[in-house]
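**Q** The chain contents come next:
Number of protein chains: 2
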Amino acid sequence: MKNTILVVGSVALDSVQTVHGRTSKALGGSAVYFSLAASQFTKVRAIGVVGEDFPDAFRSVLRRRNINLDGIKVMPGRTFHWKGSYDRNFKNATTIFTHLNVFEHFNPRLDRSHDGCGILFLANIDPDLQWDVFRQMKKPRLTACDTMNYWITRKKSALKKLLSRVNLLFINEEEALQFTKEHNLIRAARILARMGPQIIVIKKGDSGAMMFCDGKVLPLPAYPVEKVVDPTGAGDTFAGGFLGYLAACPDWRNFNALRRAMAYGTVLASFDVEDFSVKKTARLAKSEIRNRYNKYVRSLSIS
Amino acid sequence: MKNTILVVGSVALDSVQTVHGRTSKALGGSAVYFSLAASQFTKVRAIGVVGEDFPDAFRSVLRRRNINLDGIKVMPGRTFHWKGSYDRNFKNATTIFTHLNVFEHFNPRLDRSHDGCGILFLANIDPDLQWDVFRQMKKPRLTACDTMNYWITRKKSALKKLLSRVNLLFINEEEALQFTKEHNLIRAARILARMGPQIIVIKKGDSGAMMFCDGKVLPLPAYPVEKVVDPTGAGDTFAGGFLGYLAACPDWRNFNALRRAMAYGTVLASFDVEDFSVKKTARLAKSEIRNRYNKYVRSLSIS
Numbered sequence: 045m046k047n048t049i050l051v052v053g054s055v056a057l058d059s060v061q062t063v064h065g066r067t068s069k070a071l072g073g074s075a076v077y078f079s080l081a082a083s084q085f086t087k088v089r090a091i092g093v094v095g096e097d098f099p100d101a102f103r104s105v106l107r108r109r110n111i112n113l114d115g116i117k118v119m120p121g122r123t124f125h126w127k128g129s130y131d132r133n134f135k136n137a138t139t140i141f142t143h144l145n146v147f148e149h150f151n152p153r154l155d156r157s158h159d160g161c162g163i164l165f166l167a168n169i170d171p172d173l174q175w176d177v178f179r180q181m182k183k184p185r186l187t188a189c190d191t192m193n194y195w196i197t198r199k200k201s202a203l204k205k206l207l208s209r210v211n212l213l214f215i216n217e218e219e220a221l222q223f224t225k226e227h228n229l230i231r232a233a234r235i236l237a238r239m240g241p242q243i244i245v246i247k248k249g250d251s252g253a254m255m256f257c258d259g260k261v262l263p264l265p266a267y268p269v270e271k272v273v274d275p276t277g278a279g280d281t282f283a284g285g286f287l288g289y290l291a292a293c294p295d296w297r298n299f300n301a302l303r304r305a306m307a308y309g310t311v312l313a314s315f316d317v318e319d320f321s322v323k324k325t326a327r328l329a330k331s332e333i334r335n336r337y338n339k340y341v342r343s344l345s346i347s
Numbered sequence: 045m046k047n048t049i050l051v052v053g054s055v056a057l058d059s060v061q062t063v064h065g066r067t068s069k070a071l072g073g074s075a076v077y078f079s080l081a082a083s084q085f086t087k088v089r090a091i092g093v094v095g096e097d098f099p100d101a102f103r104s105v106l107r108r109r110n111i112n113l114d115g116i117k118v119m120p121g122r123t124f125h126w127k128g129s130y131d132r133n134f135k136n137a138t139t140i141f142t143h144l145n146v147f148e149h150f151n152p153r154l155d156r157s158h159d160g161c162g163i164l165f166l167a168n169i170d171p172d173l174q175w176d177v178f179r180q181m182k183k184p185r186l187t188a189c190d191t192m193n194y195w196i197t198r199k200k201s202a203l204k205k206l207l208s209r210v211n212l213l214f215i216n217e218e219e220a221l222q223f224t225k226e227h228n229l230i231r232a233a234r235i236l237a238r239m240g241p242q243i244i245v246i247k248k249g250d251s252g253a254m255m256f257c258d259g260k261v262l263p264l265p266a267y268p269v270e271k272v273v274d275p276t277g278a279g280d281t282f283a284g285g286f287l288g289y290l291a292a293c294p295d296w297r298n299f300n301a302l303r304r305a306m307a308y309g310t311v312l313a314s315f316d317v318e319d320f321s322v323k324k325t326a327r328l329a330k331s332e333i334r335n336r337y338n339k340y341v342r343s344l345s346i347s
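Residue numbers (the numbering used here), protein chains in the order written: chain A, 45 to 347; chain B, 45 to 347.
Okay, chain A solo, but in the shape it has when bound (with noise of 0.2 Å):
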């Protein structure tokens, strides 16, 4: 249970649309992006709010990866729908809207079940809420969590209360600059590190990632893909790649363990970004994942 990862999101249905395509109501949410990298490396258990239509073959699609669903509730109404699209570049992401349905009134409750999971990730949601199950959660051996420039605007407080407690931070550029009202990643590190987590990971999108640790700053660029399909669920599934791989290791404050969760999150992201939806992470075979972190390390070896 050590190596468990109890991980707490939404788990929703996307309609897409990008330059390569469209999808209507497929499979996603932070929890699923999530889970489903995490599941290649260690045990996953989820907790989640959906609705009645939520479909059975969506429940398939994470059991096949072993990812314990005990804790997913069906609440009476529809499942949290969102709908957007992507410009040429993927830069920007347009809301077109976002129906949270039952997921408005998740109120997520550990059990006894999931007493003595070693890791918790607190995946983007209402920071009173990630806070209120880490409260519920028995001495975790690593916590993480993730946020969202809604919640910095509206929920700074109760953030920060969360971030003093936390080990690692998950955080966008844009988001860690405005948190911190700085115009320097290095620095808005230092000062949300100051503010608890012994880690912060930068995410940056299309441009890599940089961690910090002990006043350690590493910078990695993202794996390249030439057919960007679909950038929903990047994030996550980094952060699924990150925290899956880590967990696997006997000691997360090692700092070549980290750098190693950093090539992993940056490789899982790069094939959650060529397709639609969850279609390439939920049938990832380990060697395709081995093989592309082999290739993405050896790159970045210079000798």
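In case anyone wonders, no lab produced these hints; they're calculated from the structure.
We treat Cβ as the ideally placed atom computed from N, Cα and C, and that holds for glycine.
Incorrect hints may appear among the rest.
Claimed, not checked - Here are the computed distance ranges between Cβ atoms for each label pair:
id: 1; chain 1: A; residue 1: ARG231; chain 2: B; residue 2: SER129; range: 47 to 53 Å
id: 2; chain 1: B; residue 1: THR138; chain 2: A; residue 2: SER129; range: 27 to 33 Å
id: 3; chain 1: A; residue 1: SER347; chain 2: B; residue 2: SER331; range: 16 to 22 Å
id: 4; chain 1: B; residue 1: GLU218; chain 2: A; residue 2: ARG231; range: 23 to 29 Å
id: 5; chain 1: B; residue 1: VAL63; chain 2: A; residue 2: THR142; range: 35 to 41 Å
id: 6; chain 1: A; residue 1: PRO294; chain 2: B; residue 2: ARG342; range: 20 to 26 Å
id: 7; chain 1: B; residue 1: ARG108; chain 2: A; residue 2: ARG185; range: 55 to 61 Å
id: 8; chain 1: A; residue 1: ARG231; chain 2: B; residue 2: GLN242; range: 37 to 43 Å
id: 9; chain 1: A; residue 1: ASN110; chain 2: B; residue 2: SER129; range: 43 to 49 Å
id: 10; chain 1: B; residue 1: HIS143; chain 2: A; residue 2: THR197; range: 41 to 47 Å
id: 11; chain 1: B; residue 1: ASP97; chain 2: A; residue 2: LYS339; range: 51 to 57 Å
id: 12; chain 1: B; residue 1: GLU148; chain 2: A; residue 2: ARG342; range: 45 to 51 Å
To be verified - Straight-line C-alpha distance at most 20 Å; calculated PhoX-like pairs for lysine-lysine:
id: 13; chain 1: A; residue 1: LYS323; chain 2: A; residue 2: LYS127
id: 14; chain 1: A; residue 1: LYS248; chain 2: B; residue 2: LYS248
id: 15; chain 1: B; residue 1: LYS225; chain 2: A; residue 2: LYS135
id: 16; chain 1: A; residue 1: LYS271; chain 2: A; residue 2: LYS46
id: 17; chain 1: A; residue 1: LYS182; chain 2: A; residue 2: LYS205
id: 18; chain 1: A; residue 1: LYS271; chain 2: B; residue 2: LYS248
id: 19; chain 1: A; residue 1: LYS248; chain 2: B; residue 2: LYS271
id: 20; chain 1: B; residue 1: LYS69; chain 2: B; residue 2: LYS324
id: 21; chain 1: A; residue 1: LYS225; chain 2: B; residue 2: LYS271
id: 22; chain 1: A; residue 1: LYS339; chain 2: B; residue 2: LYS260
id: 23; chain 1: B; residue 1: LYS323; chain 2: B; residue 2: LYS69
What the hints assert, rightly or not - Selected chain A positions facing chain B (in silico; Cβ < 10 Å):
id: 24; residue: ASP97
id: 25; residue: VAL118
id: 26; residue: MET119
id: 27; residue: SER129
id: 28; residue: LEU221
id: 29; residue: THR224
id: 30; residue: HIS227
id: 31; residue: ASN228
id: 32; residue: ARG231
id: 33; residue: ILE235
id: 34; residue: TYR267
id: 35; residue: ARG303
id: 36; residue: VAL341
On the provided structure of chain A, position chain B as indicated by the hints.
**A** Okay, now just chain B, sitting in the frame of chain A:
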């Protein structure tokens, strides 16, 4: 002589304003930034033009780095003068004015003393002039050029003619996409490579750079800089570090040499942005470069 780089480009006075201060008529220009970086690795001869107002002190800065200035002509009139400012996050430069002055009539001429220079760098000038210089050159073993949106819009066919002959193209991310009408850098690089150059280096500012060569892709992150003071000249400094290192390698086609060149370009550019004008790169010790290079390369070496 076969390791000597001949660089043709602008020698300028730059008046720059950033959040960290301002300069007035400081030393600048593509040939200057390039030469200072490249001179750390190999011999450099610069070709350019200045006005009668060009300060002797600036000549001394370049001579101190052993840069041959015999090809810098003095013409009646004033030196090229650019005035601009950067916003807080250094994403956008606003040009306040560009006084071309003597640079408007720049007509670079090679003479016998340039015979045998092994390497040619055509900095960002009118592609007709770049072509003219290219044709005056006697069998260089490596030729490289840079360009900008202005020429891509106005002189595309002249630029294409040049690209059909040079070995290496340095180009900004936005310019590569504009040139090729593409939205993905890998596809853009492939199109550019089909025009001629065996090596395409796409500069992405604080997101690093990407090299394309023989179908291989190498993305590298920027070296993390905590206090960016003035990004002017970072691209030319990158090219100087890249080509300077490569000039001293026995075979510039060697992929490992090219990867090290990418890392040296990255490191030199990181010094450039830490102070105004050439303040940092004009007096850089070999040991500073070596230390930062080692730190950068070590951080990327994941095992």
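**Q** All hints are to be evaluated individually against the structure, with a verdict given for each.
**A** Tested hints:
1. Between ARG231(A) and SER129(B) the beta carbons are some 21 Å apart, a value that contradicts the proposed interval 47 to 53 Å.
2. Remark: the range hint 27 to 33 Å for THR138(B) to SER129(A) is upheld by a beta-carbon distance near 31 Å.
3. Restraint check, SER347(A) to SER331(B): a C-beta distance of roughly 20 Å satisfies the suggested window 16 to 22 Å.
4. With their beta carbons about 26 Å apart, GLU218(B) and ARG231(A) fall inside the hinted range of 23 to 29 Å.
5. The beta-carbon spacing between VAL63(B) and THR142(A), approximately 36 Å, falls within the hinted interval of 35 to 41 Å.
6. Checked against the hint of 20 to 26 Å, the pair PRO294(A) and ARG342(B) passes, with Cβ atoms roughly 23 Å apart.
7. The supplied range of 55 to 61 Å is met by ARG108(B) and ARG185(A), whose beta-carbon atoms lie about 57 Å from each other.
8. Here the CB-CB span from ARG231(A) to GLN242(B) is close to 40 Å, well matched to the stated 37 to 43 Å.
9. Taking the beta carbon of each, ASN110(A) and SER129(B) are about 56 Å apart, not inside 43 to 49 Å as hinted.
10. Checking the proposed 41 to 47 Å range against HIS143(B) and THR197(A) shows it holds: the Cβ atoms sit about 44 Å from each other.
11. In this structure, ASP97(B) and LYS339(A) meet the distance hint of 51 to 57 Å, their C-beta atoms being roughly 54 Å apart.
12. Separation of GLU148(B) from ARG342(A) is about 49 Å and conforms to the stated range, judged on CB atoms against 45 to 51 Å.
13. The suggested pairing of LYS323(A) with LYS127(A) holds, with an alpha-carbon distance near 18 Å, which does not exceed 20 Å.
14. For the proposed pair LYS248(A) and LYS248(B), the alpha carbon gap of about 13 Å is at most 20 Å, so the pair holds.
15. Distance hint between LYS225(B) and LYS135(A) is fulfilled; the C-alpha atoms sit about 16 Å from each other, no more than 20 Å.
16. With a CA separation close to 38 Å, the supplied pair LYS271(A) and LYS46(A) exceeds the 20 Å bound.
17. Between the alpha carbons of LYS182(A) and LYS205(A) the distance comes to roughly 18 Å, so the proposed pair stays at or under 20 Å and holds.
18. As the CA atoms of LYS271(A) and LYS248(B) are separated by approximately 19 Å, the hinted pair is consistent with the 20 Å bound.
19. Proximity of LYS248(A) to LYS271(B) is assessed by CA-CA distance (about 19 Å); at most 20 Å being required, the pair is judged to hold.
20. Our distance criterion of 20 Å between C-alpha atoms is met by LYS69(B) and LYS324(B), whose separation comes to about 17 Å.
21. Taking the CA atoms of LYS225(A) and LYS271(B), the gap is about 15 Å. The hint holds against a cut of 20 Å.
22. A distance of roughly 11 Å separates the Cα atoms of LYS339(A) and LYS260(B); the hinted pair therefore holds under the 20 Å criterion.
23. The straight-line distance between the Cα atoms of LYS323(B) and LYS69(B) is roughly 13 Å, inside the 20 Å bound, and the hint therefore holds.
24. For ASP97(A), the interface hint is violated, since its Cβ never comes within 10 Å of a Cβ in chain B; the closest pair sits about 35 Å apart.
25. Among the interface hints, the one on VAL118(A) is violated; its C-beta lies about 40 Å from the nearest C-beta in chain B, farther than the 10 Å criterion.
26. At about 40 Å, the closest approach between the beta carbon of MET119(A) and any beta carbon in chain B exceeds 10 Å, and the interface hint on this residue is violated.
27. Nearest Cβ of chain B to the Cβ of SER129(A): about 15 Å, over the 10 Å cut. The hint is violated.
28. With its C-beta approaching chain B no nearer than about 7 Å, LEU221(A) sits inside the 10 Å limit, and its interface hint holds.
29. With a cut of 10 Å, the hint placing THR224(A) at the interface with chain B is violated, because the nearest CB-to-CB distance is about 13 Å.
30. Hint status for HIS227(A): holds, given a least beta-carbon distance of 4 Å to chain B, under 10 Å.
31. At about 6 Å, the closest approach between the beta carbon of ASN228(A) and any beta carbon in chain B falls short of 10 Å, and the interface hint on this residue holds.
32. Taking 10 Å as the C-beta cut-off, the interface hint given for ARG231(A) holds, the closest approach to chain B being about 6 Å.
33. A hinted interface residue such as ILE235(A) counts as satisfied when its beta carbon comes closer than 10 Å to some beta carbon of chain B; here the least separation is about 12 Å, so the hint is violated.
34. The restraint placing TYR267(A) at the interface with chain B holds, with a minimum CB-CB distance near 8 Å, inside the 10 Å limit.
35. The beta carbon of ARG303(A) comes within 5 Å of a beta carbon in chain B, closer than 10 Å, and the hint placing it at the interface holds.
36. Using the Cβ-Cβ criterion of 10 Å, the hint placing VAL341(A) at the interface with chain B is satisfied: the shortest such distance is roughly 5 Å.
Checked against the numbered hints listed earlier, the structure breaks hints 1, 9, 16, 24, 25, 26, 27, 29 and 33; every other hint is satisfied.
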